[in-house]
Every structure is written in structure tokens, then in C-alpha cells.
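Protein chains in written order, with my numbering: chain A, 1 to 233; chain B, 234 to 521; chain C, 522 to 755; chain D, 756 to 1091; chain E, 1092 to 1451.
Heads up, a few of these hints could be off.
Stated by the list, open to error - Restricting the straight-line Cα-Cα distance to at most 16 Å, the calculated cross-link-like pairs of lysine to aspartate or glutamate (EDC-like) are: (1) E:Lys1272 / D:Asp1016; (2) E:Lys1311 / B:Asp288; (3) C:Lys658 / C:Asp627; (4) E:Lys1189 / D:Asp1016; (5) E:Lys1359 / E:Glu1347; (6) E:Lys1164 / D:Asp799; (7) C:Lys697 / C:Asp647; (8) E:Lys1130 / E:Asp1389; (9) E:Lys1355 / E:Glu1384; (10) E:Lys1189 / D:Glu926; (11) E:Lys1233 / E:Glu1141; (12) E:Lys1426 / E:Glu1360; (13) E:Lys1311 / B:Glu405; (14) E:Lys1426 / E:Asp1336; (15) C:Lys658 / A:Glu25; (16) E:Lys1134 / E:Asp1096.
Bear in mind the hints are in silico, worked out from the structure with no lab data behind them.
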Amino acid sequence: MTMLAVRELHVHLGESHVLQGVSFEIREGGVTALLGRNGVGKTTTLRGLLGLAPRRGSIVLDGAEISALPTHEVVRRGVGYVPENREVFAGLTVQENLRLAERPGGRHHYDLVYELFPRLKERRAQRAGTMSGGEQQMLALARALLNDNRVLLVDEPSQGLAPHLVADVADALARVAELVTIVLVEQNLSLVRRLARDAVVLDQGRAVWAGDAGELLGDPGRTRDYLGVGVAR
Amino acid sequence: MSTFVLLTITGLGLAALYFLVASGLSLIYGLMDVLNFAHGAFLTLGGYAAWLVTDATGSFTLGLVCAVIGCAALAALMETALLRRLYGSHVPQVLLTVGLLLAVTALVRQVFGSDARQLATPAWMNEVTEILGAPIPNNRFLLIVVAVVVYLAMSAFLARTRYGLIIRAGVENRPMVTALGIDVRRAFTLVFAIGGGLAALAGALTGAINNVVAPDQGTSLLIFAFIVVIIGGLGSFKGSAVAAVLVGLLQQYANFYGLVGAGDLIVVLLLAAVLLIRPQGLLGRASA
Amino acid sequence: MRILREVSLQVRRGEIVAVLGPNGAGKTTLFNLLTGLRRPTEGAILLEGRDVTRAPVWQRARKGLARSFQITSLFPSLTVMENVRLAAQAHRGGSLALWRRVTRHDPALDEAGRALDLVGIADRADDLAADLSHGGKRKLEVALAIVGRPVVLLLDEPTAGMSAEDVPEVTEVIRKVRDTLGTTIVLVEHRMDVAVGLADRMAVMHHGTLLACDTPERVMADAEVQSAYLGEAL
Amino acid sequence: MNLSTLQARVLPAAEPRASWATPALLVLAAALPYLNVQIPVLFDGAFSSPGVLHLMSLMCVMAAVAITYDLLFGFTGLLSFGHGLYVAAGMYTTAVALAGQGFAAAIGWTLAVGLVLPLALGAICLRVSGIAFAMATLAFAQAGAIFVVRDPFRVTGGELGLALAYERLPEWLVGVVNAPYRYWMALGLLALTAAAVRWALASRPGRVWRAIRDNEGRVAVLGLRPYAFKLMAFTLSSFLATLAGMVYALVAGGAHAEVTDSTFTLGLLVMVVLGGSGRPYGALIGGLVYTYLSHRLGELSTVIGEPLLVLGTLFVVLVLFLPGGLASLTRKKGKA
Amino acid sequence: AGGGDSVKVGVLTSTSGLVAGYGKQFTEGFKAGLAYATKGTNKAGGKTLEVTYHDDASDPAKATAAATDLIGKGYKVLTGTVSSGVAMQVAPLAAQNKILYINGAAATDAITGINDYTFRSGRQTWQDVRTAESFVGGVRGKKVMVFAQDYAFGQANVAAVQAVLGKAGGATVTPVLVPLKTTDFTPFARQIVDAKPDLLFVAWAGETAANMWQTLAQQKVFEATRVVTGLADRATFGTFGPAADKINFLSHYFAEATSNEAAKALAKELGSTPDIFHSDGFTAAQMVVRAVEQGGDDVSRMITGLEGWAFTQPKGEATVRAEDHALLQPMFQAKLSGGVPQLVGTLTPDQVTPPVTPTK
Ligand SMILES: Nc1ncnc2c1ncn2[C@@H]1O[C@H](COP(=O)(O)OP(=O)(O)OP(=O)(O)O)[C@@H](O)[C@H]1O
Ligand SMILES: Nc1ncnc2c1ncn2[C@@H]1O[C@H](COP(=O)(O)OP(=O)(O)OP(=O)(O)O)[C@@H](O)[C@H]1O
Ligand SMILES: [Mg+2]
Ligand SMILES: [Mg+2]
């Protein structure tokens, strides 16, 4: 069952044509990794899906075309987003950040969030801007996990997290992935290996490979070609 | 003693007026980070709207209500038609509102002439009530009551509804708020309308105190509103209230006890002192 | 709230020290204290033997203290080159010279060019910093910090958000900076491989205190560190 | 939020470029008093007529003031609501010293005041930044306005202003027939101001000013003290504004209280944005156009009595549809 | 110069800005006066008057720009402005360029005797104050307070009261000067009540007047002292509120005060009740016509033609004093009842003659 189908997605930013017709499909459930070198447009793809970047092309979510909808309508169809730079509201407290993220009409999983990140519970009254980098990342994840989602778009969640937290986050995402479809952008390949079922690789503004994640990461030639790395560890 | 009572109560009346003048500005500045010069335009328009309706119907109350509703609608229109295009770029927003202030003031002068227009208020407002031997004009009580009501209502609006949060977050990072599934635009329009309505209320009441409305009443009140908002602290509604009381009382006492006419200098001095000692204002957040 | 408690750390000239610790342990706060963005409630900070505890930010930078930021902090409306040139100019002095025009033949420009080369974004020199991708900005951040040939270099998660491809490059740059310039480097790093590979010593922080500070091998073996920080390795 | 970083997103980094056009235009402008040519509608008389020369003198002076304002606002990111104070300081110092001590002393005093006043006030105001800075400058300007209008020491003439003691002026500055000399003086001021600001922006501190506009905190971490640079920009800009105030007084024949009003500084803001803030020539064009319109609109139109109605509306339209200002019309949009 | 058969006259006044209303009156009055003085021919001494009207927006910079433009175009006669600030900057231009300037309604005493080329068509503050004095007769040994706004207009009134009632009249004069942007006048009213003066002279302009009068009434100032103030334009008659009938008004001009030939002509030309500054415009036109009749286009002959000239203006008989160009004119005492002004008494020009300020 296809959850999300992207066809010929184009995004222009300033003068550069960043996405030049990206097409891929995401299966329902599980984690699909969106991979590629720095600056190929992974973040831009996610932002395009949400309508945060001006886009052209077709985006079908759950059978409905959403490419003309404003961002908040897309989100209300059950799309959660964890942005690359955390983008927590620095002037608001942790609790206010979470309250703001509550989508009306659904359940709000404070229990899950506080269980995953007890730190957030302790720091409810602290202004998000004064929290450490990693704490902010937790908050950004929590904001998305708070609601019932159909799809979760997660951009580099492990960035700036201490190793044991990376493990925790991985566990959390794995748990969530049983209920929700996750699109994951991640540089940490061991995390990808552990979580992802499918993978899509972007290069030069296009999707150049799609398929089984294990197959991609298990093939040193492909990884070198697409991701520029010999697989470590 | 009766002099002190007189000065204190009229000082509070003055404070109430300053607070009302500043409240809309404070709300919009605090929530949306827009230094809204057009607030001055609404202060003027509110006064003129009240005058027009009062003149036509003979009812000041009706004039007041119409002014508030009319200006709220106009502010909403201004937000949707003009300001909305400029979110994310604060300086152009300030500039836009500067342009509106200049244009609207000139328009009012062009249409209604530069002479002040007399605003008829109910007789009881201009009578006095003696308290401890001090004859207090009744309209000062009206000001104080309205200011308290506005303060309570706005505090409840900010604390009890999500709008406060949405807007504070939206100012910081508008796209991210929409990415949480929230229609930021509606919230912004609402707040702007409230700001416009508050300005109209203050403008009409200023007209009632002065007994006249004049084309540049907005521009001169605006400076006071700025000063009150800054002394009170950026983004603090409560701060504006505290600052208004401080300024109102201080001014009144200075004008009576101090050197002749020290009232305006003392406000400027107070502002300078606050900026130097506590730049974020009395109750302002350290920096947002 | 007390964020750091009795942290004492001495770093020798030319040494690379990696600061590790779970999120919120106080690593960035430590950097903010060292650079002067925050003031300690108690204690002293000595730079090359001189007390700089109360010196303002810019003065410490003048004395050769440079840093990069965990959350990218650049001049978005200047070009990449101008960003670095500004940093180069800052350490060369004479920035207040109103009569000195910025010319095309400027030693600071050459230095800036070399720094961009070093971090590998020389090809983006004429783009606005705002238009770089995240990884690009991280590299620019490092370039800004090293161009002044600082005596002490503080790097807050220099590789955060970089693709695996670029990490070894940046690691190499950091090592080269130390080797060629003799710069003392303190870095915060969550990537174990990078930290272990670079550091002469590793300092582990936890709840605002310094848990351990020793060679990588010994720190990695420390049981307390294991439980506090590494958890089950992935 | 921080005003200066926000602004950065709308303002492109300008790269002042020299070209042959500038000297050519300057020569042409200097030759205008010899041109017995009239542009109908636009000007109400030939270029050589005193009325037109006087208007153009005012345009030059205001353009110079606008340039100094843009140095602060457009290039350093300092939003001041009190810039008029320094223009007023120049005007009043000139008028007062002229009456008391003569022309040479007036120039001397104006230069001194132009240096000391902004250094002192800038040192205080710059302790805060963003909106607080804007308000601090506003507060001092208000204090200045109160001083001028209330005139406690009976030196400023209050709201009546202070006409120049013209008998103490050199003859070539007095009388309508000498309008060309005043025009050349104003043009000279404009050229000097534009050149000084352009030079400053291309200098080392000039780069730092723009960096401060973008990200002040980071500048400090690079080892540069933002306060010193901001004070430098503030003093330079205000000094040049004081100088312009002196020429303004000489052109207008006296000092007047309107300059101390906060709407004067708002007018400067409008000029700068009208032209295009943070762009070469932007403030210059804006200053010329705004001053021209505010003087001529009343005369040109009988329907519209209030020039500010047109100017305010024009300003709104511009902010919405041409955020780069008039200067962005002449230049293709290029990167950097 | 050339002996052409027309003379250009520039009327410079506010048609926009703060005092546009006054400017409108002045202009209308000027047109009426021109028709009256030239008997509808628009000619004086055989020369056609080419009159043009210009806005000064009560901004001195705009005014001097317009004046420079006109002078450059060969205008020999300028008149107008209702703003003292503008008048003070235009007057020196007249002397510098040797043209005739007949100031409009600006009341400042400083215009009198400012230079040989400047005349005035309205009253000056000194004359206002002298009229105020007439309400109490002798003030020797009495306590007089001046309640005014702390800027040029108010300060000038304070100075005049100190000179007329204090120095010359022997009263103790206490000023109460209020910052311009004051919203609540209670403290000042209280100060006045506490001081219990024998006479309170109020000099006020602007939009806070109504509030100020109301506060005086509320704090029972009228019970504590006798209050005198100037009667301004008709639009402000309502601002006095219920206190109006307790105030003694000194008046520069109101339509009900006179009914001479000039006043009738003014009312007829206007087709409505003339207002305070209509009279000044009318007078300015009379003086322009006189100047051209006497001097053609020779400015120094215009000046000698005006000096010492006695004529009938809407206010009554007026004389241009040769020494300092003060306009000696009658002044009025008035009261308001039901919003309509009534004449209480007329002061002859020599009862309110200002001291001579010889021109420099
Ligand atoms: N505002 C902009 N204007 C022009 N180009 C831009 C803009 N923002 C981003 N880009 C460019 O678009 C390209 C894609 O950026 P994007 O952030 O999507 O990359 P990414 O794959 O997420 O990279 P990373 O792994 O570094 O996060 C980059 O080359 C970047 O330089
Ligand atoms: N102004 C403040 N008020 C309250 N708590 C603060 C403030 N500033 C920092 N903290 C807290 O201090 C702790 C240390 O923060 P710091 O940024 O130094 O962590 P860190 O070690 O750099 O973590 P990370 O690896 O996640 O970046 C965090 O828990 C943070 O929330
Ligand atoms: Mg990315
Ligand atoms: Mg950190």
C-alpha cells in the first residue's frame, strides 16, 4: 500500500533549481530513509512535501493530492515534522512548546513523550532557548510524537545527541514506526541500518535509487557511489 | 490632603488613559513584535469615528461602540490586505505602518479639516464627585474602570486561550508554527483587530477627556504609548500597566509639587533611566 | 540554577582535548564561560597564565581565543568569502582604521582563501552564507574559527550534521590546524570515532561536573563513563 | 527578536562601485545654474531661477541627511528615531554662534558640537540595542525638542525659530540673487557626504558595520568590539548630519523647530526606504525625490491639499511592491 | 524692474498642516479685501495686481523656499502667514532682498520693528494683554496669574503680561506655564485655586483648550478669581463649555463687534459671518493696494506710502505707525452667551498702543 507518492517534485530556492523532478513512493508503515550527500536537497524535499518551500509537482498522501494545500492543512492530515535545526520556539517554555504542538481533535501522548525524554518533564518551565542542543532536539522530536500521525518526517534526529540518547531515539522511532510511516533523513548510517526498511537516494536534484535499505547499505559499491562513504562500523 | 487625593485619583485616571493608549500597541508589539506606528492612525480614526456617530445619533455610548467595532474591522482589513505580505521581515512592517500613520493623519486632515471637532459627551461625565474634599471629574472614574476591565480581559485572553502562544511562537518562527498544523494567519488577524479596537477605544476616550478630536491626536499620543510600553518592558502587558501608573502619578505629582511643568521632562528622564539601568524594561523579558 | 560545579580543567599548549558528556551536561555552557558569553558565579579562567575571568568577549578573542558555535552563527547577508575575511581581519587588527579601504589585494583575503580551501568550500566563496546547505554552514563555521590562527580553539560539535563523507575531512582539518599552527584545541563531540581519533585527552562531563579527564583509552574503559554517557553502544 | 538580523534578510549586501557616471552627473549638477532651461510641470521656472535653485539646494541637503541616516539604518542596522537632533544641533549652533560671534566661529562651533554631542549621546544610547536603542535615541531627541521649543535660556527662539543674523554672513550667501552659491554649497555638501559615507563603507570598519547588522554577537566572538564600531558609525553619521544642519540653516536662512520633531526623523526613514536602504544611491535618490515631492505636491495639485497624504500612500505602495526602493529599479537584480 | 503695468503679489499662508483653517480664513479675507480696495477692478494706481497663492504648511523651510522662488521671479510684494514661526523667517528675507512683506495674522511682538521692509496686518500680543488689563482697571498691588502653554506663544503672553501689568501696572505676576503635551490640567488648576489671584489671564491655543477650560471649571477656578482670555476663531467657541459665560474675553475681532463699511464689504464678499483671521486677510489686501497705489513697483516708495497711513479696516480705524510699523488698531471686550459673542466694550487704538520698537 502506498502511503505517499511524490512525482516530479520541483523546488526553486533563490536562483537555484534545487529539486529537479524528484519522484519516489513510500510504503505504508515502517521507516524509509532519504539519503544523499550534503546539500543534495533532502531537507528541501521534506520542506517541499510540507509546503514550507515553494513546490511544483504532484504529492499524493493517502490517495489525496495535497500539493496545493497550505502547510497547516497538510499537517492536519496527520503529517508530523521534526526539522533539521530543531526549530524549537526559543522564547517559549518547554511546556508551551508542547502545548502549541497539540493538534486539536486528537489524542496527545504526553505519557509517551515524557517516558522517552524524562528530561523534558523536569524542564517543563525552562525556556527552550536556554536548553542544551541535545535537549532541544528531544523537544523537537517530542513535539512531533505528541500527536497521532499518519506520516512522520524526521530530519537528522541524531544530530547532536549523545550516543546513549541516539540509542534511545532509535528505540523510540522503532516503536513509533510500528504505528506510523516514517520518512527519515539521517547521516548516521548505523542508525539508518538499524531502522530503515526502504531507502531513497537523492543526487543532483533527483531520486537516483530506491529500494531495500539493507540491499543499499550492504553493497559497498553503491554506498560509495551514492553516499560517498565506505560503510564504517 | 484633599490636594493629594485629587492628584492621586486624577493621576490614576491619567494612568488609565495612558494604559489604554498603550495597551493595543503593547499587545501587538509584545505578541507580534511589530512596532505598530499605525496604532497612532487608529487612535485618530477612533476619535473621529466616535465623533461622527455621536454627532449623528447624539449617543456617545453608541459612538464608542461603533468606533471600536469599525476600527477593529479596519485593522483586520489592514492586516489581511497589507501587513500579511510582509511577515518575516520586520523592518518593512514598521515602515508600512509608518506610511499608514502619515497617510491616515493627512487624510483625516484633508477630509475633516485641521480644526478640532467637538465631541459631546453625557453630562454626568463632566460633573465631579467629591472624595475627601477633592472634586474628581467623573470621566476619570470611567477611565479607570475601562482600563481595569481591558486589563483583566486581555490577561485572560492571553492566559486562557492558545492565541497568545500561537502568536508568540509565530513571531519567532512562522513556518514552524504552520508546520505544527496551525493557521497562523487567523490568529494574527484577530490580534491585529483587537489592537485596532483598543486603539479606537483609547482614541474615543481621549476625545471624551479633551472634549474634542483632532487630526494629530494620534501622533502625539503615540509617543507616550511608546514610552509606556518601553518603560513597562517589551512584550509585557502587565509591565505596560505598571508603567502607565508610574508615569501617570509621577507626572501629576511633578506638575504640582515639582518645578513648573516638570511633567513632560520627568517622563523622558524616567525612560532614559530605565533604559540605562534595566534595558529590558521594568517587567520585560531579558531578551527574546 | 547551578549548571556547572567546580569544573577544573587544564589544557596544555598544542593539545587536543575532547569534551564529552550527555546532553545538557554543561559542555556548551563551559564554552560560553571560556569565551565570556557568560560569567561564572565563582572561579577563575586563565588564558596563557593571565586571568581573563572578567574580560569581555572581544578582548579574549583578541588574545587568541576562537570558537565555533553548536548552533550555526554566521553573517547571512555577507558572502562566504566576506565572512571569513572579516574573521581574518579581526585578528590582524586595524579594523577601526576608517582610512584603510578594503582592497582586492589584502593579506586577509589570502588567509581567508586558504581557510576556505582547508575546509573545502572554496568553490562557494562568492555565494551568500545564507544560501549554503546545513553542512556547508558547519564548514564555514569552522573556517571562521581557524582563520585567525588562534592560540586556543574551541569547537562546539564541529561535525554535527555533516555527512559521513565530510567527517574525515573535517577531522583532518582539525588535526592539521594543531600540527601546523600548534593551536590548542578543545572540542565538544558526540561522535565517538571522531573524539577518539583526534583527542590527546578526553574530558567527560556529567551533570555539570567533570567525571574524568584522561587518555581516550582509559576514559573509554572507565565504568562510570560507560554508564553515564555511552550507554549501550549502537 | 533582533531587529538587525531580520533586516539582513531584506537588505542585500551592497558593493559600492565607482563609475564614470558619478563625476559626469556631478558636473552636470554643478552646471545647472547656468542652464536657462525649464522643464515644464516638473519645475516652476528655469534651472537658473532662484526658486528652482533654492528647491534643489534643499533637495541636496535632505539627500545628504538621508545618506547619513542610511549609514546608520541601512548599513549598520541601527534604527534611530532621533537623527533629527543632530541636524537641529547643526542648525541651531550655526544660528546662535553666528549671531554672537560671526561666521568663522559658527563653523568652528558646529564642527565641535557635531563631534562631541554624538560621541556623548551615542556612548549612552548604544549601551542598549534594537528597539531599546531606537527608544533611547527618541528620548534624547524628545528632550532636545522640548529644550528647543520651551527655550528655557532664551537662545533658540522656541517654535518661532531663529533667523540667521544675515548681516554677519559673507555677502555671497545672502539674498535671492545669490541662490546659485547656496546651491553649490548644498551640492558640495551632498558630494562630500556621499563620498565620505562611501569611503567609510568600503573601509575596514565599513565591513564590520555590515557584519554587525547581520549578527552582532558573532562579531564580538571574532575579537571585534561591536560597541566601538557602532559608536564610530553613530558619530560619523551624526557628525555629517550636523554638518548638513549647518548648510540647511544657511540655505533656509535660519534654524527652525520642525527639525526637532519626531516626524522629521520619520521623514528620513521614509526617504531612505523610498530610495532603497542599504543600497548605493538609495538614500540619495530617496532624499531628492521625497524633498521634491513634499515641496511641489501642494503646488502641483489643487485637489490634494496635504502632501503627506500622497507621500504616505506612495510609501505604503513602495514598501509593498518595491521593497528595494527606487534604487532597485535602476539596477538589475544581481546576486550579492 | 521696468515700468510694466502689473505688480506681482505673493500670498503665502497655510493651506495644509496644523493651522490650515486659519490660512483659509486669511486667504478668503484677502480676496474680499482686494475686491473692496480695488473696487473690483483688481487694479491699483493703474497697475494690475497679479496675485498668486502659496502654501507654507506652517513650515518655515517650505515658506522660505516659496518666498525665495517668488522673489526670484520678480515679486516685490509678499504677504501672509498665520504662523509666527514662518513670519519670523520670511521677514528677514524681505530685508535681504529689499521687497515689501506684510505679515498676516502672526501675533508675535517680535515682528514689530524687525526691519524696514516688514509690516503687519493683524494685532500683536501686547495689544491682547492691554485689553485684558482693561477688565480690572488698576492692577497695582494685585496678584495676577498667567496660565499659558510653555512655548513661544505662551511665553510671549507671559512676557507681555509681565511688562504691561507687572512692570508698568504694578501687579505681582506669577506665570503658570504648562508643558505643551499635557493631558491632565488638574494640578495646575489646583495651583491657581490655592494661590487665589485677583486676575487670571489665560493664553491658550490648540486642541487641549476644551479640556483645560473644563478642568478650570471643575476645580472651581471661576469661583476663586476673575478669568480673562482671548476670543479666537468661531470654531473654538464651543471649547469653553459651560464656563463660557464666566469668562471675560478680550477680542481681536469678531463680526458682531463692528459694522463699518469695510466690515460690511467683508461679510458681503464672503457670504457668511466673517471670522477672526478674515479681518487680517482683508487688512493685508488693503495695505497691499495702498502700497502699490503709492509706490508702483518701487519698494521704498511703497514703504513710505504705508508709513503713517490711517485707514478703515473691518475692525475700525487703524494707523500704520511710521517708527516700527506697528498697526495701531482698536480692540474689543466681549462675552459669550449661548455661543454667540457680544460686544462689552471697545478700546480705542491709543488705549492699547504698544511701546515703540524702532527698527534696526
Ligand atoms: N535559500 C536558498 N537559496 C538558494 N539555495 C539554497 C537555499 N537554501 C538552500 N539552498 C541550497 O539548496 C541545496 C539543498 O539544500 P538542503 O538543505 O535541502 O540539503 P540537504 O540535503 O538537506 O543537506 P544537508 O545534509 O547538509 O542538510 C543546497 O545546495 C543549498 O546550498
Ligand atoms: N539560562 C539557563 N537557564 C536554565 N538552564 C540553563 C540555562 N542555560 C543552560 N541551561 C541548562 O544547563 C545545562 C547545560 O547546557 P549546555 O548547553 O552547556 O549543555 P551541553 O553539554 O552543551 O549539551 P548538548 O550536548 O546537548 O549540547 C542544560 O541542562 C541546560 O538546559
Ligand atoms: Mg538537510
Ligand atoms: Mg551543547
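- Query: Of the numbered hints stated previously, which ones are contradicted by the structure, given in increasing order?
  - Reply: 2, 3, 4, 7, 8, 9, 11, 12, 13, 15
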